[in-house]
Amino acid sequence: MISHISVIVLTKNEEKRIARCLKPLSTEFSDIRVVDSASDDNTVRMAKGFGTQITDFHWNGKYPKKYQWSLEHLEELNDWVLFVDADEIVTPELIKELEDLNPAGAGYYITSRYRVDGKVLKFGMMNKKLCLINRHKMIFPVVDDLDITEGVGEIEGHYQPVKRNYFKGEKIGKLKGEMIHDALEDAKGWARKHEHYAQWEAEMDRRGAWPKDPSLFRHILKIIFKALPFRGIIAFIHSYVWKLGFLDGAAGYKLARSRYLYYRRIAKIASETSKHLV
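Just so we're aligned, residue 1 is where the sequence shown starts under this note's numbering, counting upward by one.
I should point out that these hints are in silico values taken from the structure, not numbers from a laboratory.
Remember, predicted model here, so these are calculated numbers, not experimental data.
Positions of the beta carbon are idealized from the N, C-alpha and C atoms, including for glycine.
Heads up, some of the hints might be wrong.
[What the hints assert, rightly or not] Pair by pair, the computed Cβ-Cβ distance ranges are: (1) H136 / T55: 16 to 22 Å; (2) L216 / A38: 38 to 44 Å; (3) K119 / I223: 31 to 37 Å; (4) L216 / K119: 32 to 38 Å; (5) G51 / L244: 19 to 25 Å; (6) F246 / N165: 31 to 37 Å; (7) D100 / F246: 17 to 23 Å; (8) K48 / K174: 30 to 36 Å; (9) G61 / K176: 36 to 42 Å; (10) W242 / T55: 40 to 46 Å; (11) F230 / R207: 35 to 41 Å; (12) K48 / P141: 15 to 21 Å.
[To be verified] The calculated EDC-like cross-link candidates involving lysine to aspartate or glutamate, where the alpha carbons are at most 16 Å apart (straight line), are: (13) K163 / D79; (14) K168 / D100; (15) K128 / D213; (16) K176 / D100; (17) K254 / D117; (18) K128 / D182; (19) K212 / D100; (20) K12 / D31.
Work out the full structure: start from the sequences and follow the hints.
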């Protein structure tokens with residue numbers, strides 16, 4: 001039983017996925033917290049069945065948002081916290097690695113590998129998330145996004161936590177174990193969610209409001225990518241060709257196409273906003 005890491009799962013109406021997320025965690029971690037945003041389905045009841053601690057979250061429209069709020073308000077957390085999304089599943093390999101890990105530094109990146117149409121993709125784009133962190137050394141930054149009408153609301157957006165000022169010299173590592181990400185199983189839900197993200201990201205680009213990524217290399221790549229024209233096509237080529245997504249067949253194409261559509265939508269929103277401002 002892993003007792004030196006607290007697990008936090010953020011939820012809102014996740015009854016279709018919460019059991020898959022919590023089942024492998026419940027037998028391996030002694031401290032699992034579910035922070036729920038007034039779910040009106042069976043999310044909370046199902047989460048209680050796995051022995052988790054439930055905390056209600058009601059966003060006041062200000063910072064801190066949900067991730068940082070959890071770090072600041074949940075009592076008796078371990079120094080090390082693992083954030084797991086409700087649509088993610090921690091693999092046995094990652095659990096074993098965490099069990100043996102004597103964590104040091106400020107945090108660790110963990111790869112989240114997509115599962116599309118029941119197939120875990122071996123190639124294509126993968127998310128590398130800084131989701132195992134020392135809560136004293138890292139913080140989710142405040143960004144200028146509260147007045148973005150079609151924003152991401154109570155959840156911090158597509159950016160990583162950053163090191164606190166006193167811990168700038170602390171190292172950030174990377175674990176070998178991975179998570180599985182069931183992001184595309186609900187096509188309508190994915191499209192609806194990413195329309196909000198696209199609106200938010202286009203405005204974040206316009207404002208130049210992005211925080212600096214803890215990895216200088218990743219930060220530079222993001223700056224270059226955001227400056228490129230035809231980002232949708234480039235995102236597709238990156239996932240499907242450069243990252244060999246075509247070897248995953250139809251599922252690999254579906255993932256690459258979703259990235260194309262997402263960045264094409266951001267570009268369209270940016271263009272419409274630019275015309276409106278002129």
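Okay, the hints, checked on the actual structure:
no., hint, in the structure
1, H136 / T55: 16 to 22 Å, "20 Å, holds"
2, L216 / A38: 38 to 44 Å, "39 Å, holds"
3, K119 / I223: 31 to 37 Å, "33 Å, holds"
4, L216 / K119: 32 to 38 Å, "34 Å, holds"
5, G51 / L244: 19 to 25 Å, "41 Å, violated"
6, F246 / N165: 31 to 37 Å, "45 Å, violated"
7, D100 / F246: 17 to 23 Å, "36 Å, violated"
8, K48 / K174: 30 to 36 Å, "34 Å, holds"
9, G61 / K176: 36 to 42 Å, "40 Å, holds"
10, W242 / T55: 40 to 46 Å, "42 Å, holds"
11, F230 / R207: 35 to 41 Å, "22 Å, violated"
12, K48 / P141: 15 to 21 Å, "33 Å, violated"
13, K163 / D79, "14 Å, holds"
14, K168 / D100, "26 Å, violated"
15, K128 / D213, "12 Å, holds"
16, K176 / D100, "12 Å, holds"
17, K254 / D117, "9 Å, holds"
18, K128 / D182, "15 Å, holds"
19, K212 / D100, "31 Å, violated"
20, K12 / D31, "20 Å, violated"
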